[in-house]
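Engineer: For reference, the chains in residue letters:
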Amino acid sequence: MKDTIAMLLAGGQGSRLYALTQNIAKPAVPYGGKYRIIDFPLSNCINSGIDTVGVLTQYQPLVLNEYIGDGKPWDLDRLYGGVHVLPPYQKASGSDWYLGTANAIYQNIPFIDRYEPKNVVILSGDHIYKMNYQKMVQAHVDAEAACTIAVMEVPKEEASRFGIMNTREDGTIYEFEEKPKEPKSNLASMGIYVFDWKKLRAYLIADYENPDSNSDFGKDIIPNMLADGEKMLSYRFEGYWKDVGTIDSLWEANMDLIDPNVPFDIWDDSWKIYSRNSTNPPQFISDISKVENSMVCEGSVVDGTVDFSVISYGCVIKKGAEVRDSILMPGTVVEEGATVQYSIIGENAVIKAGAVVGERPEDIKDLDKWGVAVVAPGVTVGFGSKVKAKAMIYSDVEGGVETC
Amino acid sequence: MLKAKTMGIIFANMHDASVSEFTAIRSMASLPFGARYRQVDFYLSSLVNSGVNQVGVIVKNNYHSLMDHMGTGREWDLSRKIEGLSIFPPFSEEMSKDIYHGRIGALGSIIHYLSDASAEYVILMDCDHVANVDYEELVNGHIDSGADLTMLSCSLPSNSAMEQNCVVVTPDETGRVVDLMINTKAPKGSYYSMNIMVIARELLVSIVEDAISHMKISFERDILTAKLNDLNIRCVLHKGFVKRIYSMRSYFEASMSLLDADVRAELFTPDKPIYTKVHDDPPVKYGLESKVANSLLADGCMIEGTVENSILSRGVKVGKGAVVKNCILLQDTVVGDGADIEYVIADKEVTISDGTELKGHESYPLYLKKYEKV
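Top line first, the protein sequences correspond to chains Y and Z.
For the first sequence, counting from 1, position 383 maps to 383 in the numbering used here; every step adds exactly one.
For the second sequence, counting from 1, position 354 maps to 354 in the numbering used here; every step adds exactly one.
You may find that some hints are simply not true.
To be verified - Result set (SDA-like, lysine to any residue): computed pairs, CA atoms no more than 25 Å apart in a straight line: (1) 272(Z) x 70(Y); (2) 272(Y) x 275(Z); (3) 242(Y) x 263(Z); (4) 118(Y) x 3(Y); (5) 272(Z) x 316(Y); (6) 290(Y) x 263(Z).
Since the hints were made in silico from the structure, they are not lab data.
Could you build all of it, start to finish, from the sequences and the hints given here?
Structural biologist: Now the structure itself:
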């Protein structure tokens with residue numbers, strides 16, 4: 001028996017990351033040089049004392065499966081509990097893909113029942129943050145709530161982009177509005193829920209039996225519980241939290257790591273972020289290089305210039321090459337004299353000599369004119385070719401060609 | 001493919017005395033090297049990459065750091081249900097308060113492990129060389145040559161410090177060792193042993209049992225030298241990068257040789273990676289005013305000053321305006337703002353306060369011991 005277990009929704013395609021999620025699920029997208037997005041919720045779980053995690057996978061699960069493996073890097077290889085990858089499976093009667101977030105959990109009721117948990121934490125695999133779930137569970141238990149939803153304050157003018165919780169003085173929720181045109185509060189749902197398992201179990205079964213349902217937590221389960229007058233608690237989170245579901249937000253979240261003004265500390269020994277480590281020698285920064293305001297990982301060799309960038313493990317930046325305001329995912333090569341700026345370069349992509357990827361914006365606030373250029377994993381950008389701002393490069397670019 | 005099943009035996013504490021500053025708190029096998037490794041990593045990784053899946057590590061003193069580092073051997077894929085990694089601390093038998101002396105005694109203490117093993121061949125190794133050895137080639141060559149024992153050797157420039165603790169072998173034109181000397185200069189046509197040997201397991205067991213019953217202690221003196229005529233002892237030369245650690249100065253030189261791209265290419269080949277314990281450190285962060293040139297850095301460092309021709313282990317912090325030149329800084333060393341250090345070897349968790357100036361010399365790097373505050 002376990003007091004609390006976590007279920008991590010990792011089946012989404014992450015279609016707004018376009019070329020970066022062609023062959024991998026969003027939670028497996030590299031972040032911060034040596035991590036993948038899923039390292040954050042998994043590390044939060046183990047740091048919060050939650051040692052049983054079900055990871056629900058559906059879209060392109062191969063990389064994610066191999067990455068999670070037996071869960072050892074997160075100390076989640078356990079005799080009883082630990083991390084389990086849960087793809088949809090065939091049943092004696094009625095088998096289907098996961099039809100929505102709630103349906104994914106519904107299909108895994110037998111998994112959760114094996115642990116007879118009091119509480120179930122529902123997490124998603126597309127947010128970067130550090131959070132002690134145990135404190136949230138404690139607040140949930142203390143208030144004897146049916147469901148507790150983590151919320152954070154967002155700027156009033158951005159509130160209409162989020163699911164907004166309208167709360168009473170004691171923190172209980174009386175109304176939930178999905179992307180309201182005229183928001184009544186600025187408390188946005190972070191997509192992190194704690195449920196009383198017995199209650200949730202009943203609502204999941206009722207939801208499955210309702211043919212009109214979308215089988216979604218935000219659209220169905222939460223509104224149904226509210227409508228029934230269940231006790232719904234908001235749990236305020238203060239600190240860094242970022243949804244990395246779009247190219248721009250993924251780029252920003254990486255840049256936040258090197259911005260001294262952003263209070264997000266991955267160097268904190270008391271809340272380590274664990275990951276499956278690569279086997280690479282130390283990084284080498286040569287005497288003809290220039291590296292400033294950046295993060296660089298093991299196995300990388302820098303002969304060129306790196307400024308305001310995140311360089312993952314195993315990258316090569318050759319002589320005269322410049323990487324500015326960009327993210328190089330693991331194993332990318334930037335050849336002699338090539339320039340990469342305001343870009344995300346996918347794993348093992350090659351930028352040939354003299355090529356120019358991305359553009360430096362003349363006015364950073366003029367969002368219509370500039371954007372981050374993206375090169376898909378494994379793609380080669382040919383000699384002297386030019387990739388424009390905002391470009392999304394899915395396949396090899398021949399030498400000397402200009403693309404946008 | 002190995003032509004026959006082979007196991008490895010590592011002597012963790014041999015040659016501890018040659019870098020006594022470091023080994024006051026650890027064994028030769030756990031000597032930190034190359035920013036993120038320990039000596040034993042090179043041996044374990046090469047063995048595993050060569051297809052050896054059973055390794056016994058014999059430890060005698062100061063082995064806490066080594067046991068912590070190796071754990072169950074999982075990082076080298078040696079955490080196995082069948083065989084894998086075994087660590088052998090000293091075992092003193094009832095009635096005897098003394099623990100073993102010398103290599104023969106050490107092997108005697110694990111004689112049951114050796115006799116019960118299913119491997120046909122055994123590789124015996126000390127931990128005093130840095131190399132990425134192809135043990136498959138060594139073992140297969142040993143089998144093909146029909147030798148009783150094959151010693152891996154290398155030609156290194158000789159110097160007096162090195163001669164205090166070495167085995168010199170002289171082969172004839174067929175590669176058979178005709179002369180074997182201890183603690184001397186290698187004459188022309190001779191080589192230094194890398195203290196890596198291959199021998200058939202059953203032969204090793206019988207040699208050790210015989211030696212113990214005749215109260216012999218030294219493997220080199222009482223076995224190798226004494227049996228040059230009876231045993232077919234051969235030597236083969238190691239191809240590729242090799243450095244021997246026999247003094248602080250040689251440690252410094254061997255470390256600095258990693259700044260050469262050709263050396264790294266030979267030591268860290270992608271198809272034969274060197275594995276080590278992972279610490280989950282974040283990436284290296286380079287600050288606004290950082291200036292780094294010709295240096296190797298492990299994860300978790302934070303650089304805000306100048307670093308040149310240096311090797312920085314995990315978690316080293318270099319403050320604003322600090323200058324670090326020709327230094328080896330081990331794990332979690334902190335160099336304060338404005339400090340200026342040159343030719344310094346700082347052991348783990350050393351603190352160098354703001355503004356401190358410390359200069360060693362190339363021929364005599366300044367060593368700061370673990371936890372020291374300057």
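Engineer: Against each hint, give a clear statement of whether it holds in the structure.
Structural biologist: Right, here's what the structure says about each hint:
For the suggested pair residue 272(Z) and residue 70(Y), the alpha carbons sit about 24 Å apart, so the restraint of at most 25 Å is met. Straight-line distance between C-alpha atoms of residue 272(Y) and residue 275(Z) comes to about 22 Å, which keeps the hinted pair within the 25 Å bound. Distance check on the hinted pair: residue 242(Y) and residue 263(Z) sit about 42 Å apart at the alpha-carbon level, beyond 25 Å; violated. Between the alpha carbons of residue 118(Y) and residue 3(Y) the distance comes to roughly 5 Å, so the proposed pair stays at or under 25 Å and holds.
Between the alpha carbons of residue 272(Z) and residue 316(Y) the distance comes to roughly 19 Å, so the proposed pair stays at or under 25 Å and holds. With a C-alpha separation of about 23 Å, the suggested pair residue 290(Y) and residue 263(Z) falls inside the 25 Å cut-off, and the hint holds.
This entry does not satisfy hint 3, going by the numbered hints stated previously; all others are met.
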